[in-house]
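Model the placement of chains B and C on the given structure of chain A, informed by the hints.
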Amino acid sequence: MKRFGDFVAVDGIDVEVRSGEAFGFLGPNGAGKSSTMRMVGCISPPSGGELRILGMDPVADGPAIRARLGVCPQLDNLDPELTVRENLTVYARYFGIARRAARERADELLDFVQLSERADSKVEPLSGGMKRRLTIARALVNDPEIVLLDEPTTGLDPQARHLVWERLFRLKQQGVTLVLTTHYMDEAEQLCDRLVVMDGGRIVAEGSPRALIERHSTREVVELRFAAESQEPFADKLDGLGERVEVLPDRVLLYVPDGDAAVAEVSALGLNPANVLVRRSGLEDVFLHLTGRTLVD
Amino acid sequence: MLTLVLPRLVDVSAVSRRSASVVERNVAALKSVYWLLLLSGFVEPLLYLLSIGVGVGALVGDLPLPDGRLVSYAEFVAPAMLASSAMTGALAETTFNFFGKMKYMKLYDGMIATPVRPFEIALGELGWAMLRGSAYSAAFLAVMVALHLTTVARALTALPAAVLVGFAFGALGMAVSTFMRSWQDFDLMGSAQFTLFLFSGTFVPAQAYPTLLHWLVEVTPLYRSVHLIRGVTLGVGGWAWLLDVLYLVAMMAVGLLVASRRMGRLLYP
Amino acid sequence: MVAGTVGRGVVVVSVAATTRGRFPWVPAYAVFEHYLVGLRRTWRAGVFSSFLLPVLTVLGFGLGVGAYIDQGVDGVRYLDWLVPGLIASTALQVTVGDSTWPVFSNFQWVKTYFAQSASPLRVGDILAGHLAFVLFRVLTTIAAFLLVTGLFGALPSPWAVATLPVVALLGLAVAAPTFAYTASVSSDSWLAMLFRFAVIPMTLFAGVFFPVESLPDALRWLAYVTPLWHAVDLCRAATLGVAPQWSIVGHLLYLAAWAVAGWLLALRAFRRKLVV
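In order, the protein sequences belong to chains A, B and C. Here this note's numbering is used: position 165 in the first sequence is 156, and no number is missing along the way. Counting the second sequence from 1 gives a position; this note's numbering is that position plus 17. Counting the third sequence from 1 gives a position; this note's numbering is that position plus 67.
Excised from the complex, chain A in its bound form:
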């Protein structure tokens, strides 16, 4: 649990991350993801409850735990005065790594995140994606057993995101435990073995992406768009079709096990939508169903 004054940011979450898995915290802004990450990163003591990391107590053994963690914060905090390589070597010294070993490690990691060519350039002119990769490389400098990633690809362009995902996937293959937060559903589906959906400081669902979809959504979703001012009257007629009907200002969503069959039923009812889309259910549907569609901030 984490409390700031009267405000309870994280209220009784109960998770266990196993070694070698990729675990995700999903949730809208303000759900308590970052507070949770800070507690796991041993820089924010929990106000209550129990937290064990690598079998140790974060309050008593903070430095010892942090020595075995890699942290990639939400906002890059690289040193703009130093070169790309120096950012890694200097950071490695914080982990008691000898100078020569730090330099070798830095070159290795720059290779890994494809920044070798920029090793001697300053950090300031790098693009957002490059800075992100450098931050990830920095989080790996101590050969960590667990890597914490707070929204690792927020603000990146599609190419950069895919590169980051691919590198994180390789880390997972190496047996590194990944703990990440995100509000991108595609990212969670790509990377996470298991995840929890948080809302208002609590966990509202937990499981693998597939299990969550099965439990909280149907196999398929039909999106119907009617050429009319309001979708409401049509929705009323669709009532009872599929497991759930959701009305949005511009379309109606039918949650059904079989999309094509549902479309056939819709036309059998004599309705003629301007636009029909049948797609598989995704985490996004689960997420919106669980945390609601209202804007959080």
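Be aware that a few hints might be false.
Far from chain C by the CB rule (all over 10 Å, computed), these chain B residues [unchecked claim]: (1) 253; (2) 254; (3) 264; (4) 281.
Using 30 Å as the maximum straight-line C-alpha spacing, the simulated DSSO-like pairs for lysine-lysine come out as follows [unchecked claim]: (5) C:340 - A:113; (6) A:113 - C:178; (7) A:163 - C:178; (8) C:340 - C:178.
The set of hints was computed from the structure by calculation and includes no laboratory data. For each residue, glycine too, the CB sits at the ideal point set by N, CA and C.
Coordinates of chains B and C only, in the frame set by chain A:
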């Protein structure tokens, strides 16, 4: 002494090292404490006057003027403090702030989308700098009168002179800042400013310098400013002031011309 | 973890036990080293403001005004009397300069402290490492200044080298509380306020340019309160080779008290920001 310019230098060098976040710096500066800082600005030259003019003045005793009159050291130093603070204020507003706005806040890029021309922008900037500078100068002159370092009539004449000094340095500062490449260049400018401050007949009559230095100093803008204002507040007669005024007016004209030309080139590439 | 060659021949994770993270032996030193690496890139900018300008002041003010002070101060040539004051006030300027904007930036802009606190370093290590760097800057600046003023012949006594430990202590006495102050303010305008209302008045009235005895009583006591006056008195005693106005132990204890109180305040302010 060391401090009139040094704090600004330290400020510049520190910020320049972290130039990545200049935008945030300026946004943060817009809080109420910024206004407090602005209002208390006139205290600084006053502290210098008390420390150097009165404190060190007690050690120095009286100084002879070229016309043979003896004046107290505070009387001698006060007009130089006024001129220096007019210079420092105008340069700070037109270089440091101006450069930040132009380069990082992209404020002017927004303005030139309207029919406003670069020269008018330059004048507007200078006007704002002068409004603040004139208020400081007036306050300083009031203190000089209160301490019997000059008369009311002379102080009233000295005010436009101080404003002219501000305008001349403001124009120069704007022109210079269009040549600045990074915050590091401000270190150089600050150092030049401090060197001027030390060697413009500020603390001792320029006649005391070695001949070569003396003649070099004669052509520098701060020396002419100190000479002008000192002439007014001490009531030195003659026509020497005309040369100072012409010099400063010319400097202002050239500064504005260069600034508006260069701005045009930087903003409409 | 296993060594692996994956995909396009990129070595991802090394086996070497040398790169396993652990708690560094002298953690604050690793922090100090970080700033030293940064200094390699930025020292040029500091040379003029922290070293050359004080030297110009010695020339322009010390020599220039000194020529008009026939009787000197307390029987000492004005230049010789001024130089130790400038040693202390330069140390003060460098200290406060390095303990304000860079510290503020490490919290607000560049966020270096947050990067450091994610590593095994403890808050005390982060603080001690940065303070050590400020002391390093003060000591190197003053050492260079001593060298030049010594060449001018403005350091009559060989005791002048004793100014180095004095300015180091002054540096600590001023840097520690300034770190605390900077960590607690919300806008960098407050840093400029510190210069205007503390550093500049201190420099002008704490016995650097003229003796504090000529100040009115109330102001004189205010000057005694400032850490700068104590350092000025010690430096002056050292470079002139005379006894200070106060007892040496008294001066040192007073400065040490500032340093200790400042350290505790800074540690508290840093914890408040970094451990939430």
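Hint check results:
1. Its beta-carbon lying about 19 Å from the closest one in chain C, residue 253 of chain B satisfies the requirement of being farther than 10 Å from that chain.
2. No Cβ of chain C approaches the Cβ of residue 254 of chain B within 10 Å, the least distance being about 25 Å, so the stated non-interface status holds.
3. With 10 Å as the threshold on Cβ separation, the claim that residue 264 of chain B sits away from chain C holds: the shortest Cβ distance comes to roughly 22 Å.
4. Against chain C, the non-interface label of residue 281 of chain B holds: every CB pair exceeds 10 Å, the least being about 30 Å.
5. For the proposed pair residue 340 of chain C and residue 113 of chain A, the alpha carbon gap of about 28 Å is at most 30 Å, so the pair holds.
6. About 17 Å separates the Cα atoms of residue 113 of chain A and residue 178 of chain C, which keeps this hinted pair within 30 Å; it holds.
7. A distance of roughly 29 Å separates the Cα atoms of residue 163 of chain A and residue 178 of chain C; the hinted pair therefore holds under the 30 Å criterion.
8. Between residue 340 of chain C and residue 178 of chain C the alpha-carbon distance is near 11 Å, which keeps this suggested pair within the 30 Å criterion.
This entry satisfies every hint, going by the numbered hints stated previously.
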